[in-house]
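> With chain A fixed as given, assemble chain B onto it according to the hints.
From first to last, the protein sequence lines stand for chains A and B. So the mapping is simple: the working numbering equals the position in the first sequence, first residue as 1, plus 80. So the mapping is simple: the working numbering equals the position in the second sequence, first residue as 1, plus 44.
Just so you know, the hints here were simulated from the structure itself, not pulled from any lab data. Idealized CB from N, CA, C, for every residue including glycine. Certain hints may be false.
Calculated pairs, SDA-like style, for lysine to any residue (alpha carbon to alpha carbon, straight line, at most 25 Å) [claimed, not checked]:
(1) B:213 <-> A:146
(2) B:401 <-> A:192
(3) B:629 <-> B:580
Computed far set for chain B versus chain A, every beta-carbon distance over 10 Å [claimed, not checked]:
(4) 140
(5) 347
(6) 928
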Amino acid sequence: MSNIKIQCIAIIGKMNNPLYIKNFSTTHPDLKYHYIAHTSIDVIEERVSTSPEASDTYLGLLYAMEDLAVYGYLTNTRVKFVVVLSVPDAVIKNSDMKSIFRKIHTAYINQVCNPFYNLDGKKSIVSKRFITAIDAIGKMTGEEVSISSP
Amino acid sequence: MSGLDARNCFFVLLPDRDISEFVTTLQKGLYEHSLKYYREHGNRVKRKRNKLPSPATAGYVRPSSDYHSSAPAPLSIQGWMFRYDYKMATFAEFRQDIDASIHYYESAYTLLVDFFAPQSAITPGAPGLQIRSKRWNDARILADCINIKICKMNLYIDAPSAALAQLNKHITTFKRLCNTLEIGDDTFEYWTWLSNQYRVFADILDIATRSGFIIPDPTTVFHTTSSADYRFGSSSNSPMAGSGINPTMVLQHPGFYFHLAAQCNSVRRKKLLAVEKIIQASGDALKFPSGLEAERKVDHSALTIELLTKSYEQFKKYKGGRMTLYLASEIAGAHYEAENYVMALKFYERIAKKYRKEGWHTILESILNCSLKCAKESGTWDNVVEYLIELLSDRFHMSEQKRIEIQNKLMNVIFKTEISSLVNFRQVVIDMNEINSFSTCYVQFKEPATFIATPTPFQITFITPSDTPPLPLQFTYLQLSFNDSNFNHYFTHKPNDESDDTKLQCVNCKECLRKDVDGEGYIWFKSVDLTFRKGSTKVFEGLIIPKESGDLQLQIITLGFLSENWKIDLRFDVSTPREEPLKRKWLQFETMSNGEQVEQPFFINLEGTGDRASIKVTQKQAKLDIKVNHSAPALLDEHYPIQLTILNLEPEDIKAVLKAELISDLQESEDVIFDSNLNTTNHLKEVDLGVISSNESYVKTIYIIGKKTTNLRTLRLTVLYSTSSLIPSTPTPIQNWIEKREDIRIPFIAPFSVSFNISPQGEEFGNAREISSLDRIERHFLVAKITSIGPWDICVSGIELSLLDQANAQTKIEIISSSIELDSESLEQVWRQGYIFNVNYLLELTILNDASLSESVDIGLLDIKWRRNQPFGNISVPFIETTMMVPQLQRHDSELSVILDIPPNPIVGQIFTLTFKIINWTSAPVRIRVTVEVNDAFVFSGYKQTYFIVSPLSTYYFKANCFPLAPGKVKLPRVKMMKAGDNGAAEQEVPITAPGFKEPVEDEWYMVFIKPKKEINE
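Next up, chain A with everything else stripped away, as it sits in the complex (with noise of 0.2 Å):
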């Protein structure tokens, strides 16, 4: 689907410490970013609490802000991912979005397979090659979701 298009991807710790956040949009500030993963651990939280599941969780649209759509992830670590899009006036197909999560999580797990990495740390994370990835994913075109996803 063309229609997606990342303004924001944000990784939060299970202390809800942000650990990385990047913002790829133009219009925006930093900061509104961080507020926007900030509220939505709100609703990650209320969602997670009304259907408790062990696995790993797509928990769809959390809210629309203006013209932003904010969608969650939460790992079965408590990591919460965080994505940010500029709201189109089509449907997003929940498909593209876990393939976009799923993205995500495999970046995050090549981060915590390092060793040096410290799981329970409040740092941000600082790796190259994990902040390659996240911006890889979020420079993603539509085509490449649309060829990833049947």
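Relative to chain A, chain B alone:
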């Protein structure tokens, strides 16, 4: 027309009737009819609309030439169509046909919107309404109203997506329209309008939810189409369900729309400000004629805050805790814009905590920057300092230039700026654990435990990150607070001559002076370098000497600035555990433990993780040996020597004192303990042992005396000492000397057992004294049988019976004779275990007056002077006395006593005389009847039965001569004496005693041994 039948024509509300009941009847009666009425109305309008010609073919040109004229222009076909549609919609609404109503309203809306278009799509070629004309404005308000109607209707029929789609449609339509007409999103008018749209929508949504409307959960909503043709999409039961949703079509709770409204309002304000700027620049206000004056009067900030507050309340209702924080920050921002700094600051302070706690530093930085501005504006300088210090933290990503700016600001506030609003000297305490610090503080005691009087080092490490503080930061003082204020330290800054740019700095904080620092009291003081540079590790090593046992804790480390106006404490609370414990490290510098000089300081790893801000102080393990030499068991009463050998195993000379205490279960113990100085008490207090050299021993003998009871006694020996180098010359022991305690258990046994036997003694009648007085003299024979039962040989030097003073002045007791010589000084006998020694005493008891004499008479005490025979080492133990109480003499006092005197050694064939001495103690004469029973052993001469009278207070002798016939042990002739009863009472037998002979029992009688005539061996 109404169609009501005659019966139901009138409805009267009687004064006493219930109004609700009345309304119900009214509704019942009218409902069907009104439905019918409006249906007919609708049908009529529908017919009219159908009669209208097609607008496309009519080619009707709107009266566009003179729109300013007030003359009413004929309505266009399009207008009529709109009019009819609106009517039909309203009638449908009246008859509660919501679906139809929505249909007609939407149709009307489409027609109305077309009026705004420059080129109508429905009536080609017709220009739209003139922009900003009264009609244009009216039409627009009408469009807004219809929009809201449609939204509301959709909510009625539970079609949230449709409602939202209508709103979006309305907004996009008018956005497009306005933009083409150049009154679009550049103007405050547009944003005013947009803000209102969202606000009204939020309001009706709020009303709907309060009436039971449920906001759909986005996870259960699915869309297949875009919002433009939402009608043909489906909500939840689509076969494509689960494929995805259109975010724009997801209806959310009113808070979001209030928030949008607030944001639009905020933009509106900015647009107005932009206009004002242009006007100021050009001086031409005419370009913006409409509504500018009115707009200027609007309090935008108040409106924004109101909208945000509404949104805040909604989010609070929907449990969006973090969202409310965001809104609070927006509210704060609005307050800031309204120059309401105190309010803004309040909001910022409230929300900063959460962001700080969860580590959202980008947000926190923005909040801090805003707070800083507010604090400055509102003149709360304490906060300014706090925010500036927190902003120095490396958690905030900013350019070095910005950092330098912040630091300079901070320094200016503290040291330079003359702040007029700052009246007094300000004292600020900033808890660095609560905020993001520019430096991390670690505390380590090297060891987990230490001993009293042992110098104990500790290190405080400050690590600054590589980018902050950007300039060297110089503190005025560094203060360390322990839980025992005696150890508090205070360091002031002393500029270091050499510019120390090394990454690792060691600051020696040992050798502090005890000094009275102004405002801090007596405190350990030193001047050291307190400059903090970026990317460096600064280690302060200090030394304390604990004086008491317990837990010593370094609690708070304070870095401070002191200036004319300020005293700022940056407080690091090190007593709370750190979140991410690190390996314990210790900086090794100066000298190694082996005395080797370290050229480059380096860290060594210590055991464990985290900080060690507290240390356990205990008494040093005593390196002292107490050897005890004594020969148990101890005997009661003896001087029991115990030889103590105290061996000093310390490498140094020590000064020691000894304490000894006997612990007994008995409440009142008479045990005594003493040393050679003979200061006898039941415990020895602090006997000075003087200085004992290293590896030398000190020998001390102490004595204990156990009295009375033969139980186990515990002797507690305590030696207190301290290395003599640490003690001043004062001899008194100070607290917290090292203590060595030794308990020894000593069994005590009695040295002898003594049994006494007292028997009355016969009188020698021959020497009988004249009974010249009423004195009565009795003799008693006392035998003390002393058995040595102890395991030790005992040397006895003397045994003595000391008579007690008589309690009764009418008795007197004397020793007539004794088996041991009374005057002999030394008996000097050695008794072994089991040795029995008998001491005999003949006692004479003189009773001065007979009246009221008690039956028992005190005799006296038997003293045995003795000691152990074996000397203990070369210690000579003195003789001691063990005193035994002699049992009381029991007298059988009677009115009449008969004493039988049996002559010694009767021989066969030799006559002997039995003498009965009868004493009448009463003042009346007594008549005695005597019967003598003869047996085979004797020949008896005299009356077998006789009687005599004993005068009052006189003695009568009755004699019987016996002639022994056979040798051996025989019974004496039985003599019975019967006393006549008073006044004819029955006779009473008088007991006869024979001193020296065994008392006969029952029918038995005294036995004697009759010797044969000749000696057997001859």
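> All hints are to be evaluated individually against the structure, with a verdict given for each.
Against the structure, the hints:
Straight-line distance between C-alpha atoms of residue 213 of chain B and residue 146 of chain A comes to about 15 Å, which keeps the hinted pair within the 25 Å bound. Of the supplied pair hints, the one linking residue 401 of chain B and residue 192 of chain A holds, its CA atoms being roughly 24 Å apart against a limit of 25 Å. Proposed proximity of residue 629 of chain B and residue 580 of chain B is supported: the alpha carbons are some 16 Å apart, at most 25 Å. Every CB of chain A is more than 10 Å from the CB of residue 140 of chain B (nearest about 33 Å), matching its label as outside the interface.
Against the 10 Å criterion, residue 347 of chain B stays outside the reach of chain A, whose nearest CB is about 19 Å from its own CB. The claim that residue 928 of chain B lies off the interface holds: its Cβ sits roughly 83 Å from the closest Cβ of chain A, which is beyond the 10 Å cut-off.
Checked against the numbered hints listed earlier, the structure breaks none of them; every hint is satisfied.
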